[in-house]
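**Q** Spelled out, the chains give:
Protein chains: 4
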Amino acid sequence: MPEQAGLFDGVFARGGADTSDRAWLQAMLDTEAALVRALEKAGLAPAGAGAAVTAAAVAGNFDLADLGRQAAFTGNPVPALVRALATIVPETAAGVVHHGATSQDIIDTAAMLLARQALAAAAADLAAAADAAARLAAAHRDTVMIGRTLLQQAVPVTFGLVAAGWLTALDEAGAGLARLTAGRLAVQFGGAAGTLAPLAADGPRVAGLLAAELGLAEPVLPWHTDRLRIVEIAGGCAGAAAALGKIARDVTLLAQNEVGEVGEAAAGELESGGSTRRGGSSAMPHKHNPVAAVSVLGCTRRVPGLVAILAAAAEQEHQRAAGAWHAEWQPLADLLQLTGSAAAWGADMLAGLTVEAEQMRANLAATGGLPLAERVTGLLAPGLGRIAAHDLVAQASAQAVKAGVPLRDVLLDVPELRSRLDAAGVTPEEIGAALDPAAYLGAAGQFVDAALAAHGRT
Amino acid sequence: MPEQAGLFDGVFARGGADTSDRAWLQAMLDTEAALVRALEKAGLAPAGAGAAVTAAAVAGNFDLADLGRQAAFTGNPVPALVRALATIVPETAAGVVHHGATSQDIIDTAAMLLARQALAAAAADLAAAADAAARLAAAHRDTVMIGRTLLQQAVPVTFGLVAAGWLTALDEAGAGLARLTAGRLAVQFGGAAGTLAPLAADGPRVAGLLAAELGLAEPVLPWHTDRLRIVEIAGGCAGAAAALGKIARDVTLLAQNEVGEVGEAAAGELESGGSTRRGGSSAMPHKHNPVAAVSVLGCTRRVPGLVAILAAAAEQEHQRAAGAWHAEWQPLADLLQLTGSAAAWGADMLAGLTVEAEQMRANLAATGGLPLAERVTGLLAPGLGRIAAHDLVAQASAQAVKAGVPLRDVLLDVPELRSRLDAAGVTPEEIGAALDPAAYLGAAGQFVDAALAAHGRT
Amino acid sequence: MPEQAGLFDGVFARGGADTSDRAWLQAMLDTEAALVRALEKAGLAPAGAGAAVTAAAVAGNFDLADLGRQAAFTGNPVPALVRALATIVPETAAGVVHHGATSQDIIDTAAMLLARQALAAAAADLAAAADAAARLAAAHRDTVMIGRTLLQQAVPVTFGLVAAGWLTALDEAGAGLARLTAGRLAVQFGGAAGTLAPLAADGPRVAGLLAAELGLAEPVLPWHTDRLRIVEIAGGCAGAAAALGKIARDVTLLAQNEVGEVGEAAAGELESGGSTRRGGSSAMPHKHNPVAAVSVLGCTRRVPGLVAILAAAAEQEHQRAAGAWHAEWQPLADLLQLTGSAAAWGADMLAGLTVEAEQMRANLAATGGLPLAERVTGLLAPGLGRIAAHDLVAQASAQAVKAGVPLRDVLLDVPELRSRLDAAGVTPEEIGAALDPAAYLGAAGQFVDAALAAHGRT
Amino acid sequence: MPEQAGLFDGVFARGGADTSDRAWLQAMLDTEAALVRALEKAGLAPAGAGAAVTAAAVAGNFDLADLGRQAAFTGNPVPALVRALATIVPETAAGVVHHGATSQDIIDTAAMLLARQALAAAAADLAAAADAAARLAAAHRDTVMIGRTLLQQAVPVTFGLVAAGWLTALDEAGAGLARLTAGRLAVQFGGAAGTLAPLAADGPRVAGLLAAELGLAEPVLPWHTDRLRIVEIAGGCAGAAAALGKIARDVTLLAQNEVGEVGEAAAGELESGGSTRRGGSSAMPHKHNPVAAVSVLGCTRRVPGLVAILAAAAEQEHQRAAGAWHAEWQPLADLLQLTGSAAAWGADMLAGLTVEAEQMRANLAATGGLPLAERVTGLLAPGLGRIAAHDLVAQASAQAVKAGVPLRDVLLDVPELRSRLDAAGVTPEEIGAALDPAAYLGAAGQFVDAALAAHGRT
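Residue numbers (the numbering used here), protein chains in the order written: chain A, 1242 to 1699; chain B, 1242 to 1699; chain C, 1242 to 1699; chain D, 1242 to 1699.
Hints are computed from structural coordinates only; laboratory data are not their basis.
Every residue gets a Cβ at the ideal spot worked out from N, C-alpha and C, and that includes glycine.
Among the clues, some could well be false.
[Unchecked claim] Computed cross-link-like contacts, DSS-like style, restricted to lysine-lysine with a CA-CA straight-line distance of at most 30 Å:
no., chain 1, residue 1, chain 2, residue 2
1, D, Lys1528, B, Lys1643
2, C, Lys1528, A, Lys1643
3, B, Lys1528, D, Lys1282
4, C, Lys1643, A, Lys1528
[As the list claims (entries may be wrong)] Simulated restraints, written as ranges between beta carbons of each label pair:
no., chain 1, residue 1, chain 2, residue 2, range
5, C, Glu1657, B, Thr1333, 19 to 25 Å
6, C, Gly1624, B, Thr1333, 39 to 45 Å
7, C, Thr1328, D, Asn1302, 34 to 40 Å
8, A, Gly1456, B, Arg1376, 52 to 58 Å
9, B, Ala1694, C, Ala1288, 30 to 36 Å
[To be verified] Take a look, some chain D residues computed to stay more than 10 Å from chain A by CB distance:
no., residue
10, Arg1389
11, Leu1620
12, Thr1668
So here's chain A without its partners, still in its complex pose (with noise of 0.2 Å):
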């Protein structure tokens, strides 16, 4: 969690990922001190103005809300960064800071430093959370349950396929955010229009030792007007945000007193010298808030949105847009921090979760068996015929669903019904066969199975 601390950062704003305007302003710094840096590489600043002004270079000399205040006469606060980084080094240094550079070099150059670090938080704890999926696939690879549909039961499933599903959702969009770490961050450098003029021929130069210093690419030509970078980050998140509340969405629905299949860990969080349980109420002993899924949602919920912002403002005028490119700053920021956030709440609350397979199997029971009704057509249409096997299990399914009992007591027990059974040849044992669920799982533990292994690859 960020230093500047705010008042709903623990929902929003768990995990390493920092993009807080202190980390904004750190990051601007790091690319004037690079900058600089670079240039003296390239001959053209004074031995040690790289290391004055990286030493410099440290957001605790700065007052942030004056540059904040500043920011408001050129529309964003690098010329007062600048200015007040100037005064700070030594003379020599001094004339070479910002050499070459326009504001948005340093903003957009910053942006793709805090995206790597939020980025690789990110991808950490859903790195997290997959090794914790894949060990509930796993351990649960058999464990029978109703799966749903449109949220009605339908058919069985295993809680080890449903928790394969999780796990290669997130093992995709970990790929995705690493596919986006590997190759497209890269440094923005091109000057006041992109030309790099005031470094004549020296500018591709510069660009890349400037890349080789902030360990970033260097891109076929500077992209300050071309927005693709920050809607494939936006993208990347965006994917990420899908895999991690789909899964808080299922947690939040199985964790329903009324359904009670999982459970979030109570336990392992304390407040200082205090006694809250995490998902606990005062007022309320029976309650047990799954809190972590809770914040998943809260913070996938305004990813959308934030993602449409980015991919709009990417229709940007001539070489600088004129608000759209400034319509960038916050956004990013927020959604690399509720990525983030989301990403570390999903790794503990999977890590956390409790699994009640008694439950499973008690929901799964309550369906009567109705799920099956057409493997028990199956049985029955060698002896009665395809048709009238269909109206005879339909028949049986209806007195079932009337009666609140099993299809298996109504088949067994209704002695019209019993005596058909009988004719076509059909033993009870045949029909409680047909009737279990866990035979009737197909390809469940192969796809887990397949989930793990491609997890393993990962």
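Fit chains B, C and D to the supplied structure of chain A, relying on the hints for placement.
**A** Just chains B, C and D now, kept in the frame of chain A:
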């Protein structure tokens, strides 16, 4: 600008709206204090409890960052705030702190208080912007300029009409905010699930007293899961942003060097002890950036995505949502702040707008009369017949475009055309009159007058 | 449902709203015809021209697909439509077709006509939904159920209160639509750049006559570049969708098999000549999907993004936007259609909702009285002291949760606890009363009555 | 353009992408047919069933509108489609139609087929646009123009550099689409809840055969509730729209009459049998609207909101979502269609772009050398000292701005300034060279070369 100034606040937190975390905290405390006063008035709290809690309920008495951290335990900062508040008031008062309320009551009501403050600030700046637009409309009621459609020169308008369009949009957007403030900012007070059960039959009476204490409306019933108010606030902000963004877009376009029809005032704002001209550039002395217009756009471009977040968050489950409610807090605050900042920048932009009537005339003259070609057709039709008139003017227009000379010159100087004009009995003076843009303005003046009259009634 | 039914219209185009391309075309034609009638009334068109154009202005007379193709030449279909219309009316009328107007006048005014029709349909269905909610609220004013926060059981509410919350949301959303329809649907008529120059001094008079012909409001001045009306329509739709989406979300949750507190009516709709039960599944006879609720959510989930598109599109350049205007057409139509469809589904959903009061009682009983623990504390406090009372109840609650038995049983059956109750002078009858959910409903009934009264005033 | 042309298709459905309802229907049928072929290959369907169903699975054989109506019964059109398909194939084949599948399998897989077709069309048009941009970049590598930041003239660039920036954006956006097509378009086949239970152990084998039949990837496990693929497609479209929208915005700005640096080709497209010039206006012969750029923007401005819808829809419950899944269908189709249309318009726009190098020079000359003021400072610094040099140039620049004359003239013609230049030993020739924009282009040429080289590698 709020006390906790951020690095980009100069752009995004201009004006009087304050939705900072500190403002949130104070609004929550104001709600808690008002509740105890209401309870006291209802005879449900000891005498003096209201005053005691009110005295203690000052943001500065609390560790905002620590409350933020504790929000992780319950998903919001209120429980920690209530504990902290209870420890610093007399024991008799402590027992009634938060009585009957749930966290959502405090946060939702605090959001209404924030909204009231922020919307008032925004409305005041919208009104100031409208007044400035009205001055421009009146002063330039008859200042002719070229109208532009699809970014191409079309037919003449007046700058007064342009400003009148801005004016009406500002007035109508302001009316939207006023409607919200007058009728839709309501207290939320329902207790754990909306029944106010701990207060038994006293609930509605306390709710009424609480509303009165805070000067908020009393809703038909608690609105904890009916988020229409939030959606309406978002809609009001979107309306204000729509008006402001359109004007700022026009200003950036009209202020282009190649157009040069308006400019932003350079003066008026100086950094403390310095000489920074707003919109200036130390490296480029000719540069005079329309910083206010750019900042308006920087704010307004972030509005649609935030509106989408709030609209989507309205789908809230049962008696309190698992994530969707949480997802509202910061986007709502951001939306209010950005709307207020855009309005403040907009008022500043319009109050200082310089209008270059001479340049407007020059740009219009550069069209060479072509926008008025259809009028010449009408002039010639009685003498030549409609079709021949059309063909003649089309031919002349094509020649004018090709040669880059005014249509008038072609009509009068090309012998073949001139002879046909003569034959039609049309004089050079009549041609000149038909090509006078100031005589082809239709109802522009009437529309300006109507807009000013409507503004006078606001 | 529109004539040009699409593959997904059963879900997304239910109800009376029609914003199909054919409806667009007819609305454009209605506008062109009304303009000629207005011109005729103003003495600017030959007698009979209005009637002649009105007779010809029927969508079926035009090749919609061809108009669509020709839209590529000018960026919109109106110029081709005007040419086509002019060719099928008498020559005297042809000369005044579209006189004074520009394409935007026709499309914007047509959009208002579409909006009026669609909003009326949506409002009627919202009203029907509200009536159904009112019936539920009245019928179940005192039907006790468990309230749920963060998808966890919390404290008792009534289903009447739940339905009253739905009701108030529907009524207030409907009021929002009514306000739009009554005051904000205005004719757009400004000519090429908003001056109505071709009509000289007659412009405003014709505009007034046109407004009267169409039954639309007359704006202060042409609104071609002030998109507040579009943003307001979007806001109104977002409000309606917010109300409907929340209700549908509740219905899907309450209809879960494990909850079983409400269900959608199965009957009422049969495919022509067939036997398809809505929500049924041929393969799974037990399945009874809440298709109406699912369809509401399918519609409402698309609303926020469309609202964002329209809000962003409001930033329009000069006298006609280069793209932003065009970007409004289909999203506006989609938004109106989806809102109407959601409202129609919502009315259907609520009219047929079955309420399982017995299951509500069962689910509430399953909480074992824990939601009322704080009431027991209040009962014991006078005798035991507040702190000892709290500790006793907390201990008892923990045992009840652990043992899975009702709190009452623990309190009365565990000798150690029972003896302390006796010591405090609290009788089993008093304990039972304190644990009666029906006695802990606070103002639920009053709130239901207030919502019904407010509904009666709509 | 699809067969079912709509009223606005000329603008929004250009190019080869077809995501019309008819295309959806055919894609669903293609999936059903491929499934039967796969079953036959797996030995699970009678010989010839695949061919029989394939022959029948032609959209023209079905009543699309009726299927749309029937979608209301189940929430999607697939059940009705399956019934209709089964009735028109031989009975032996009818028994295996849809075997093992659920509606979501058919719709999700059909969506992938639509996406493949649409993305291929969009990618081809993006590539054509990139080729055109490359030609512009090469042809104008050294064509000097003024760069503009915040819509104000800044420092010189080349049009080649501008076009190179467009080129790189198009190439990188195209690479994003290619990555999607190559790796992320996967078959969805999981049956009712993702286990493929009706196929028992054969499920994964049939899934592989189905993927092979359709030429789609085979996922690790069914992705019915992992919507990352949809989010990634949305992200790819957002990237393409970002590139295209930025270019179109530049074109509209450069094509303004007052700027006049580029124009769209007028010729090339004529309505059938007519003489409609694209971008022309019958009423205003001088008007030459950049219809292609406007249409690009009309399309791209709708993209961010659609992306937000799809990103938000990814939060899907359990084994099939109650609404969120449904909410994807039309926005995904719209997004693909709009991206394709924008790409087609973009290719057309760039292929026909006329570049007015003369006007670029004139606009640059109109800056009077001020963008190069800092270069003069550098020239004078050795002789006058840095501070005196800066002051002198600032003074001269201010005079030049005020008088509206070139900086060069002020420097050389104002005696006081001239004498100081002489004193510094700077000649008029040196001043002239310093003020030559063509000599202050930094790495512009190198960047153009790099972009062209990178394009050559695509």
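**Q** Next, verify each hint and record whether it holds.
**A** Against the structure, the hints come out as follows:
no.	hint	verdict
1	Lys1528(D) - Lys1643(B)	holds (13 Å)
2	Lys1528(C) - Lys1643(A)	holds (13 Å)
3	Lys1528(B) - Lys1282(D)	violated (72 Å)
4	Lys1643(C) - Lys1528(A)	holds (13 Å)
5	Glu1657(C) - Thr1333(B): 19 to 25 Å	violated (32 Å)
6	Gly1624(C) - Thr1333(B): 39 to 45 Å	violated (21 Å)
7	Thr1328(C) - Asn1302(D): 34 to 40 Å	holds (38 Å)
8	Gly1456(A) - Arg1376(B): 52 to 58 Å	holds (54 Å)
9	Ala1694(B) - Ala1288(C): 30 to 36 Å	holds (35 Å)
10	Arg1389	violated (4 Å)
11	Leu1620	holds (13 Å)
12	Thr1668	holds (21 Å)
The structure does not agree with the numbered hints 3, 5, 6, 10 stated previously, though it agrees with the rest.
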